[in-house]
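Chains as they are written, first to last, in our numbering: chain A, 1 to 431; chain B, 1001 to 1431; chain C, 2001 to 2431; chain D, 3001 to 3113; chain E, 4001 to 4113; chain F, 5001 to 5113.
No wet-lab data here; the hints were simulated from the structure. Keep in mind that a hint or two might mislead.
[Stated by the list, open to error] EDC-like mimics (lysine to aspartate or glutamate), calculated; alpha carbons at most 16 Å apart, straight line:
1. F/K5040 <-> F/E5024
2. E/K4040 <-> B/E1406
3. F/K5022 <-> F/E5106
4. B/K1199 <-> B/E1408
5. D/K3002 <-> D/E3110
6. E/K4040 <-> B/D1068
7. F/K5002 <-> E/D4095
8. C/K2206 <-> E/E4110
9. C/K2271 <-> B/E1002
10. D/K3082 <-> E/E4024
11. D/K3057 <-> A/D68
12. E/K4082 <-> E/D4015
13. C/K2271 <-> E/E4052
14. A/K206 <-> D/E3110
15. E/K4057 <-> B/E1406
16. E/K4057 <-> B/E1408
17. D/K3040 <-> A/D350
18. F/K5040 <-> C/E2407
19. E/K4002 <-> E/E4079
20. C/K2166 <-> C/E2092
21. B/K1271 <-> D/E3110
Bear in mind the structure is a predicted one, so any value in this text is a computation, not a measurement.
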Amino acid sequence: METKVIVDTMWVLITAFLVFFMNLGFAAVESGFARAKNCVNIMSKNFVVFAASSLGFLFLGWGLMFGDGTWLVGLKGLFFVGGADNSPAVGEAYKGVYSAISWTGVPLWAKFFFQLVFCGTAATIVSGAVAERIKYIAFIIFTFVMAMFIYPVVGHWVWGGGWLAKMGMFDFAGSTVVHSIGGWAALAGVIMLGPRIGKYDNGHIKAIPGHNLSLATLGTFVLWFGWFGFNPGSTMAADPNAIAHVAVTTNTAAAAAIMSATIVSWLLLGKPDLGMTLNGCLAGLVAITAPCAFVSVGSSLVIGLIAGVLVVLAVMMFDRLRLDDPVGALSVHLVNGVFGTICVGLFAQDKITGTATGNGLFYGGGFKLLGAQLAAVISVAVFVFVAALATWAILKAVIGIRVSREEELRGLDIGEHGNEAYAGFQVFTTE
Amino acid sequence: METKVIVDTMWVLITAFLVFFMNLGFAAVESGFARAKNCVNIMSKNFVVFAASSLGFLFLGWGLMFGDGTWLVGLKGLFFVGGADNSPAVGEAYKGVYSAISWTGVPLWAKFFFQLVFCGTAATIVSGAVAERIKYIAFIIFTFVMAMFIYPVVGHWVWGGGWLAKMGMFDFAGSTVVHSIGGWAALAGVIMLGPRIGKYDNGHIKAIPGHNLSLATLGTFVLWFGWFGFNPGSTMAADPNAIAHVAVTTNTAAAAAIMSATIVSWLLLGKPDLGMTLNGCLAGLVAITAPCAFVSVGSSLVIGLIAGVLVVLAVMMFDRLRLDDPVGALSVHLVNGVFGTICVGLFAQDKITGTATGNGLFYGGGFKLLGAQLAAVISVAVFVFVAALATWAILKAVIGIRVSREEELRGLDIGEHGNEAYAGFQVFTTE
Amino acid sequence: METKVIVDTMWVLITAFLVFFMNLGFAAVESGFARAKNCVNIMSKNFVVFAASSLGFLFLGWGLMFGDGTWLVGLKGLFFVGGADNSPAVGEAYKGVYSAISWTGVPLWAKFFFQLVFCGTAATIVSGAVAERIKYIAFIIFTFVMAMFIYPVVGHWVWGGGWLAKMGMFDFAGSTVVHSIGGWAALAGVIMLGPRIGKYDNGHIKAIPGHNLSLATLGTFVLWFGWFGFNPGSTMAADPNAIAHVAVTTNTAAAAAIMSATIVSWLLLGKPDLGMTLNGCLAGLVAITAPCAFVSVGSSLVIGLIAGVLVVLAVMMFDRLRLDDPVGALSVHLVNGVFGTICVGLFAQDKITGTATGNGLFYGGGFKLLGAQLAAVISVAVFVFVAALATWAILKAVIGIRVSREEELRGLDIGEHGNEAYAGFQVFTTE
Amino acid sequence: MKLIIAYIQPHKLNDVKQTLYKAEVYKMSVTNSLGCGQQKGYHESYRGVGIEVNLLKKVRLEIAVNENFVERTITAIIEGAKTGQIGDGKIFILDLPECIRIRTGERGGEAIG
Amino acid sequence: MKLIIAYIQPHKLNDVKQTLYKAEVYKMSVTNSLGCGQQKGYHESYRGVGIEVNLLKKVRLEIAVNENFVERTITAIIEGAKTGQIGDGKIFILDLPECIRIRTGERGGEAIG
Amino acid sequence: MKLIIAYIQPHKLNDVKQTLYKAEVYKMSVTNSLGCGQQKGYHESYRGVGIEVNLLKKVRLEIAVNENFVERTITAIIEGAKTGQIGDGKIFILDLPECIRIRTGERGGEAIG
Ligand SMILES: Nc1ncnc2c1ncn2[C@@H]1O[C@H](COP(=O)(O)OP(=O)(O)O)[C@@H](O)[C@H]1O
Ligand SMILES: Nc1ncnc2c1ncn2[C@@H]1O[C@H](COP(=O)(O)OP(=O)(O)O)[C@@H](O)[C@H]1O
Ligand SMILES: Nc1ncnc2c1ncn2[C@@H]1O[C@H](COP(=O)(O)OP(=O)(O)O)[C@@H](O)[C@H]1O
């Protein structure tokens, strides 16, 4: 076996493991930001979501996303990754039906596994926003729809050789493909579900503090850690310059966003809110996800600083809009997913790590790249939001998506699972 | 240095680190499923167990397992990994006393470290089953016995060139060597200790809920993550096709088992119990451990589905049998360790990732492979169960293995360690 | 690209990720050992510390540390890693201003990122010792001073081609550069801050139990795991023999220290205190950090055993000296950082993994190596302690470093952040 | 003086605090409690074994008042806590012969408010 | 009416609940408490420093009953809680002049059960 | 006999235990409580939304004593808990007609200590 295939496969698998590990991060962040009485439910959702994604992406998602097909969806080798394929052959040598991803010289199952962990992430993002009121079964079904249809279709457009790819749109590691998709689907869910009981009573916005900020902090650390798989791994090849560059842009954006979010919340709220610091970190990471391999370290600093400010303002804005998002998923993944996608069009420097993106607006590339990025932002927004809204609406009509008032008051842990997260502890929630 | 040695060593070490990390997973799962008053004790046990295994396996375990010797045990280079060895030389070029493991071309200490983390896992499995009532000192001594004798002897049979290896028995990553060994030793411990006070009072089975299902969930995620070291690492070489294949079979079995365990507990118990979902995941992972490199992705799906059902039934069965296993270690590691070992004999496809296993029963290989697998199941059961039972019996006679009733009621944290896990929190346990 | 560059870059980045992950470990250990009412504050400190270090080290720290310059500090390419550099060229071929680190053939950003995560660790160590009473803003500013001045200056002496390097002093992975620096800075902080209210009332030493020993245990596991990046990664090259050797010495020292700390606390205190077991593990890891690549596995065992004893005695000693260190950072990082540095002078065996250190005292090398090590211990002690003391003193004079009595009693979470870590839980602290 | 003990639903605490404020009752002590009353419990399970939970979470208020405040306090609690459903809670009233403010040493009706 | 307060060992709660049921006492409120009584505490330590713990975990029951139920309630508690060992607990009995059911506004003996 | 209920600042618990010991009062029960009194609360916030916290953490003591111990118990509590600042707490004293030791069945003044 050629050495390059070996090292590339190692890199792809190891970074995929790190991305897989982000499931733990999401579970911890989301449950930490919610109340103790819903903790089992959130843990269950975040645990089962990767299982459901794994099966859904295996059955159909992969095929729709990477199978040769039209500008819109894949059509060949749809089911069970069953198409012809002679990976790790690349370029001309490749003979098979998954040609859009034949640029990376690793075995088929390595490609599949790496793409699967990304699909799982998109599905997980929804979980946090709809927390503390959604029916377990409705969430599971929605996850299958995400992993089998919504995610792969957009994925095909951008990474599967579809129309956005052809248009010259660039999304290195998925600000759009993973985070915006998750964000728009979450927004649809938040709208369809309505706010938690007591959140906006009598016209007041009420704080509903998370039950475990230790857990939320650890979770954010895990996500930050996992992002070193997410972004540098998206090279899908152990290219030394690129992966080192991406590691540093990723970390710099996170660090800058942490600082700016902390400072802004200090100034606006009087004290440095830990929740905002954590969301700041994630905002920086989401924002740098699309441009991480296309921009300089200096630009990543600027992108991070802006992302940190954006997320604080977004959290406060969504509350004003009465969109109840217990964990800030919209502010992190949606707002900054969009922002990051646009940043490519602004800050990109051609071939900075090898990819011929052309320059962004700030580097003299004019509006060409920016235009493609905006086309992606808008088309993904429309498609995902509509598809998700329709899915939620059907689920609502058929099986219901929200638990009963009584169940919500007592907690979903008892209602949905018959379990308690912290037996023996005196936990009292007075709302 | 040859490139292959470099990449293989990297792969072996990195996956070994992941397996090491499973110690955290076990600690979290086991303490999460136990009561708060015993949390320090479980954490201590799970922490010290890897230290004890490290020393025990260094002193003697490695030598007994991999030293050249008879069909039964290693005899050369017994102590302190001190035998002659010219690793990373392989095959004919190898000159040394650890020839059974000379097929992998990595330095001796890399081989040792990888095998050590597996040994540590086997010892840790016992911890959960005997939790909430065992004396700390008794557990530590038992761990040394496991790491220095019980584990290496069986290890020699299967992986050290002993009689089972010669018979054509296959256990890729240790359904038998790690999980069944741990499981049988745990069963012996459970029998010798008896159930926790209050568990089976007046003929009723009482639920003793775990104190922290967040912790248990995070722990299971960590184990799932670590398993990507456990199984793909067991190639002990960065073979692209094999490691990618194994990553996917491993994940698919886990995902399938999560789903089937959740559905079965939903049907049987009325609600989707989180504990069962978590145990389902582990069951799928244990079951696929032996066959992961020998079966197709499709088979891994089937194996996972069955494992998830098995574990739910097993948890309920052990309770009926009055075998009190607070964390489900028997259902996960013993039952599914045996099941996974047998699966090799059923689902194996010759050379699917390179190893010449011959086909399993379902692929036209007849009973040959299945026979060897069953021989392993039975002989390991007898040897480990008897050896462990004897060890526990001696410990019971000499120093006692169970804490006093008073100590058990107040909690082992105070009794054994004089510590409290959650100072300041109001934790009340009324049993 | 040359294969060696590829595999070395992969190794450097992956191990750097593991070291990054230690931030989670520190956060968990430190908050677990503190009271619930200060948990948000500690989490915030540990979270923001890496962001601050990332920015500080990027702006100036790297340049001061690795820029070509005098025996004292770097002078070229100071800001924003902006100097000329043609990495991954090595040796003669290297043309640039960061020649002290040109021995490793990886891209510049890979070097930077690896060194950054080490810098972050040094800064984090301070956090634990000053916990439960320090002002948030004072800590953040101190972190910038650490990352931009104190750490890089000493770093230059040892790893940046400065006078200690020239003298023949060896510190493989940073017992001195990371741990002692952190330790001395922490000591200065502890002295300037004074003990927590109630800790030494009326001449009695009072125990102030940590609020979450589960968290502390998980954190220690994570640190142990991360150390497999810290030490083996410090080769900055995937040298199979060296990295395998270092993995085993690292683990053996940890295991031995766990055992000796547990036994000593069992003997001295009557019961095996979990806190001591955990600190024992860290002590062994810190002590083996400098010598891990220079000593045999046998020596690592001895070093670990001693470290475990040292840490228990040190914890008790610092309490006698009325130096209030809530998490044992001084005993772990300072005492054992010094001890580990000296161990190189005692146990080193020339070229055991390739580096020409010369032999230590116990291997017939006389006092030469030991002398260089002692010179480092003393000079670093003086420089860091004085610099840190001065920094703390200025901060104290200008903005104050300690929160008010009232705030300390109610908890820093409310005072500094306006947050609560465990909303809904009944947490009462009666001191 | 009287010592009023009231058990209410946890999620009614805020409402009761508001009605008490309106009734000019500003001082109270709140404890968490588990209650067994007319209200039916619920079923939990854990790893396949059922658990019957019949101690429900309640909040316990303790309010010391002078005689002339007794009725308005009771009315206020009822106003805030009542939903008309089983589980609304109970009020118990005890005689309180003496009350002391620690800070000043004041006793009796003076000390209560 | 009387208000009965009982401190018992936590692990006796289930037994006491059962004996109370048999005595037809179905309503009660349970709180957690720390008790300092005749029972000796225990020694903890933390990082080398000793801690003397003499507040032991207890469960506190509060049961309001009509006069004719007082004795059977006491007997039931004793039956369920007694082991004959130090630490078994105490029962305190207070006069309860008034009791109100929030849901209905009923007062007195009516409201208690 | 009297039942003394005292609310004190949590960090004063140790001092009060000591002064009670000196006054030869060895038995007590301690519960955690949240108090709303003269002491001002504080402001928290969470993710940009403010929270007014006016239930402050207090410790609740319950001490049953014979008549001749009442005054010394009160004095001891005040001695241990008083700082002169708002929030020091309150003491309530109730009549206690009966007291029973579960272990022996003793009743009245015998049973109390
Ligand atoms: N006799 C009693 N003694 C002690 N506590 C009681 C008594 N009756 C009711 N309670 C408390 O009041 C709570 C509410 O009582 P419940 O009977 O459910 O109210 P309702 O009759 O208004 O439906 C109970 O959960 C319990 O805590
Ligand atoms: N005088 C008292 N005042 C308040 N609580 C008391 C009093 N006496 C006992 N208690 C409570 O009852 C519990 C059991 O008391 P203890 O003296 O140990 O019982 P016994 O005398 O039956 O052994 C104590 O832990 C405490 O909570
Ligand atoms: N009338 C009351 N009823 C119930 N609890 C009270 C009452 N007055 C005070 N308390 C309790 O005592 C605590 C201290 O009261 P506070 O008014 O702050 O004391 P001080 O007047 O000495 O400053 C309160 O937090 C509350 O728990």
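Exercise. Which earlier hints can't be squared with this structure?
Worked result: As far as the earlier hints go, 1, 3, 6, 8, 9, 10, 11, 14, 17, 19, 20, 21 are violated by this structure, in ascending order.
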